[in-house]
Amino acid sequence: MALGPEEASRFAALLEEHQEALAGAWTDRVAQGLRGRLSRAELQRQIADLRKAFSAALAGGAVDLNHEPATELRAQLSELSSGRARLGFSATETALSVFALKAAMLGVLDGNDAANLRDYVAFSGFVDEAALFTFDSYVHAREGLIADQAEQLLELSTPVVKLWEGVVAVPLVGTLDSARAQVVMERLLQTLVDTGSPYAIIDITGVPAVDTQVAQHILKTVVAARLMGADCIISGIRPQIAQTIVALGIEFGDIATKASLADALRYVLKKSGR
Amino acid sequence: MSDGGERIEVGTDQDVVRVRQLVRTVAVSVKLSLVDQTKLVTAASELARNTLVYGGGGTVEVDRVDNGRRQGIRIVFSDRGPGIADLDLALTDGYTTGRGLGLGLSGARRLVDEFVIDTAIGQGTTITVTKWCR
Amino acid sequence: MDRVPILKIGDILLVSIQIDMEDQVALQLQEDLAERIVATGCHGVIIDISGLDIVDSFVGRTLATIASISRVLDAETVVVGMRPAVAITLVELGLSLPGIRTALNVELGMALLARDQAEEFDELVEEATAPAVDEP
Numbered sequence: 001m002a003l004g005p006e007e008a009s010r011f012a013a014l015l016e017e018h019q020e021a022l023a024g025a026w027t028d029r030v031a032q033g034l035r036g037r038l039s040r041a042e043l044q045r046q047i048a049d050l051r052k053a054f055s056a057a058l059a060g061g062a063v064d065l066n067h068e069p070a071t072e073l074r075a076q077l078s079e080l081s082s083g084r085a086r087l088g089f090s091a092t093e094t095a096l097s098v099f100a101l102k103a104a105m106l107g108v109l110d111g112n113d114a115a116n117l118r119d120y121v122a123f124s125g126f127v128d129e130a131a132l133f134t135f136d137s138y139v140h141a142r143e144g145l146i147a148d149q150a151e152q153l154l155e156l157s158t159p160v161v162k163l164w165e166g167v168v169a170v171p172l173v174g175t176l177d178s179a180r181a182q183v184v185m186e187r188l189l190q191t192l193v194d195t196g197s198p199y200a201i202i203d204i205t206g207v208p209a210v211d212t213q214v215a216q217h218i219l220k221t222v223v224a225a226r227l228m229g230a231d232c233i234i235s236g237i238r239p240q241i242a243q244t245i246v247a248l249g250i251e252f253g254d255i256a257t258k259a260s261l262a263d264a265l266r267y268v269l270k271k272s273g274r
Numbered sequence: 001m002s003d004g005g006e007r008i009e010v011g012t013d014q015d016v017v018r019v020r021q022l023v024r025t026v027a028v029s030v031k032l033s034l035v036d037q038t039k040l041v042t043a044a045s046e047l048a049r050n051t052l053v054y055g056g057g058g059t060v061e062v063d064r065v066d067n068g069r070r071q072g073i074r075i076v077f078s079d080r081g082p083g084i085a086d087l088d089l090a091l092t093d094g095y096t097t098g099r100g101l102g103l104g105l106s107g108a109r110r111l112v113d114e115f116v117i118d119t120a121i122g123q124g125t126t127i128t129v130t131k132w133c134r
Numbered sequence: 001m002d003r004v005p006i007l008k009i010g011d012i013l014l015v016s017i018q019i020d021m022e023d024q025v026a027l028q029l030q031e032d033l034a035e036r037i038v039a040t041g042c043h044g045v046i047i048d049i050s051g052l053d054i055v056d057s058f059v060g061r062t063l064a065t066i067a068s069i070s071r072v073l074d075a076e077t078v079v080v081g082m083r084p085a086v087a088i089t090l091v092e093l094g095l096s097l098p099g100i101r102t103a104l105n106v107e108l109g110m111a112l113l114a115r116d117q118a119e120e121f122d123e124l125v126e127e128a129t130a131p132a133v134d135e136p
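Chains as they are written, first to last, in our numbering: chain A, 1 to 274; chain B, 1 to 134; chain C, 1 to 136.
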């Protein structure tokens with residue numbers, strides 16, 4: 001049973017009239033569940049903001065959450081979710097914070113009125129919708145956080161070091177999938193710009209296997225670096241990898257390849273006349 | 001699902017610049033990575049110029065799109081010019097018409113995720129490209 | 001219409017592209033540079049594209065044309081400051097900017113031009129001091 005515009009305004013009025021009692025009861029219920037992991041003051045502020053948003057949405061005639069007047073409410077709910085996700089609360093705990101409005105509202109309604117009961121059920125449905133929206137936003141926010149962390153991890157595991165004046169080195173370690181190869185490529189190129197280094201040594205000693213895709217990525221990186229005005233040398237090619245490269249027919253063309261990082265450095269220093 | 005986009009009439013060089021700027025702005029708002037932004041704006045520049053130079057002018061429309069899992073951008077380039085006679089040839093790598101327009105369509109296609117071209121002689125050309133956030 | 005400024009620094013002309021150029025502006029730059037090279041007799045041109053968000057096929061061709069024209073006028077061109085995202089896009093596009101030399105920044109670009117000049121000079125000296133064939 002959906003909220004009609006009349007009931008919506010009635011509940012909006014109730015949310016305004018009984019502000020303090022509602023906010024208080026609401027906060028108490030939520031505080032119980034959160035067990036002190038959020039300060040009382042912070043919780044009160046969140047609940048106050050939510051109450052205002054619900055009130056504004058209903059006063060604006062929103063009969064469901066996707067209705068235009070509920071835009072601000074949706075924004076508040078999203079913010080609640082991201083905040084709670086960041087602080088490590090669970091999705092359920094976050095949704096419960098919204099569900100608690102129902103019980104709080106029950107407290108200020110005149111329980112004897114039959115019409116009241118029907119309206120309450122409709123209002124209840126509206127709050128349910130809001131709580132479920134919160135659940136979804138939470139999941140979305142969490143996925144975003146995990147993606148960010150994965151990216152940071154990726155950055156940490158692909159260091160670019162300055163070996164000498166004008167020479168940087170990228171020791172690649174571990175398997176190189178498409179995503180990782182992209183990140184490495186971008187960071188290497190950016191480092192060339194930042195340090196003004198015309199030479200980069202890509203060391204693949206730590207890469208267990210090279211397939212066509214990996215080779216492609218390395219090749220693209222070298223071509224891009226050349227376009228920018230820097231040269232790349234590939235070092236650390238193990239016997240097995242050399243055989244694989246030849247077997248796969250991968251042409252490294254005029255890209256210099258050296259067995260060890262030391263050889264590569266020696267080559268670069270000689271080339272740049274030092 | 002797309003949201004009301006913006007449309008630019010392409011009749012001059014200046015308009016091609018405006019297309020680049022609009023695409024860049026929308027790409028940033030949709031949170032495309034820097035490399036993806038660059039690829040998309042480059043493709044848009046190529047295609048908008050084609051619309052101007054070969055299509056005799058036309059329109060470019062930029063929309064945000066959402067397929068439920070990811071956000072993206074859709075750009076439609078349309079003109080009422082002569083149309084492309086040999087589409088297969090035009091899409092071949094390295095194809096250039098007499099004016100030496102460089103890698104044109106095939107290059108632009110490599111820079112985007114989806115590329116749909118609708119053209120017929122005397123009926124103009126419409127190219128729709130889409131790039132999704134990763 | 002905007003015009004890209006050209007600075008003379010010794011024997012080098014420095015162009016720093018800071019704006020999103022209309023095609024016409026790029027063509028005008030090509031013309032202006034040719035005129036300045038002849039007017040100043042400079043032997044080096046550095047084009048700084050660190051301010052460019054993108055390099056599409058038109059800009060690419062313009063740069064290549066500038067390099068060719070300059071060479072005919074006895075000046076070498078170096079394009080500097082290409083952004084990583086631009087380089088990655090060019091690789092994807094398959095545009096290789098043939099005949100264009102590049103360096104990471106203005107300083108390295110000037111060093112490159114200086115090295116070339118030095119090599120050229122060495123060659124000239126060698127030729128000049130080589131013993132004539134028919135001298136006893």
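Since the hints were made in silico from the structure, they are not lab data. Please read all numbers here as calculations on a predicted model, not as lab measurements. Just to be clear, a hint being listed does not mean it is correct.
Some chain A residues flagged as far from chain C (calculated, every beta-carbon gap over 10 Å) [to be verified]:
1) E186
2) A224
3) A225
4) R226
5) L227
6) K271
Between beta-carbon pairs, the in silico distance windows are [what the hints assert, rightly or not]:
7) B:Q71 <-> C:S68: 19 to 27 Å
8) A:Q243 <-> C:A118: 42 to 50 Å
9) C:P5 <-> B:Q123: 25 to 33 Å
Chain C side only, calculated, beta carbon under 7 Å to chain B, not exhaustive [unchecked claim]:
10) E22
11) D23
12) H43
13) I54
14) S68
15) D74
16) A85
17) I88
18) E92
19) L93
20) D116
In this text, a Cβ means the ideal position worked out from N, Cα and C, and glycines have one as well.
Exercise. Compute the least Cβ-Cβ separation between A:A225 and chain C, then decide whether it is above 10 Å.
Key: 7 Å, violated
Exercise. Closer than 7 Å between Cβ atoms is the bar; does C:E22 clear it against chain B? Give me holds or violated.
Key: With a closest approach of 4 Å, the C:E22 hint holds.
Quiz item: Given C:A85 was flagged as interface, is its beta-carbon under 7 Å from a beta-carbon of chain B?
Solution: 4 Å, holds
Exercise. Hold the hint about C:D116 up to the distance rule: shortest CB distance to chain B must be less than 7 Å.
Key: It is violated, given that the least Cβ distance between C:D116 and chain B is near 28 Å, above 7 Å.
Practice problem: Let me know if the C-beta of C:L93 comes in closer than 7 Å to any C-beta of chain B, holds or violated. | Solution: 4 Å, holds
Quiz item: Does the claim that A:L227 lies off the interface hold, with its Cβ farther than 10 Å from every Cβ of chain C?
Solution: Contrary to the label, A:L227 does not stay out of reach of chain C, its closest Cβ about 5 Å off (not over 10 Å).
Quiz prompt | Evaluation of the interface hint that places C:D74 against chain B, nearest CB under 7 Å | solution = 26 Å, violated
Quiz item: Is it correct that the beta-carbon of A:A224 has no partner in chain C closer than or equal to 10 Å?
Solution: Violated, because the least Cβ-Cβ distance between A:A224 and chain C comes to about 4 Å, which does not exceed 10 Å.
Practice problem: Verify the interface restraint on C:E92: the C-beta must sit less than 7 Å from at least one C-beta of chain B. | Solution: This interface hint holds because 6 Å falls under the 7 Å limit.
Exercise. Could you check if C:H43 really has its C-beta closer than 7 Å to a C-beta on chain B?
Key: Given a least distance of 29 Å, the restraint on C:H43 is violated.
Quiz item: Taking the minimum C-beta separation from A:K271 to chain C, is that value above 10 Å?
Solution: Answer for A:K271: holds, closest chain C Cβ roughly 13 Å.
Exercise. Grab the minimum C-beta distance from C:S68 to chain B and call the hint holds if it beats 7 Å, violated otherwise.
Key: Violated, because the Cβ-Cβ distance from C:S68 to chain B comes to roughly 13 Å (cut-off 7 Å).
Going through the hint list in order, the structure does not satisfy hints 1, 2, 3, 4, 5, 7, 9, 12, 14, 15, 20.
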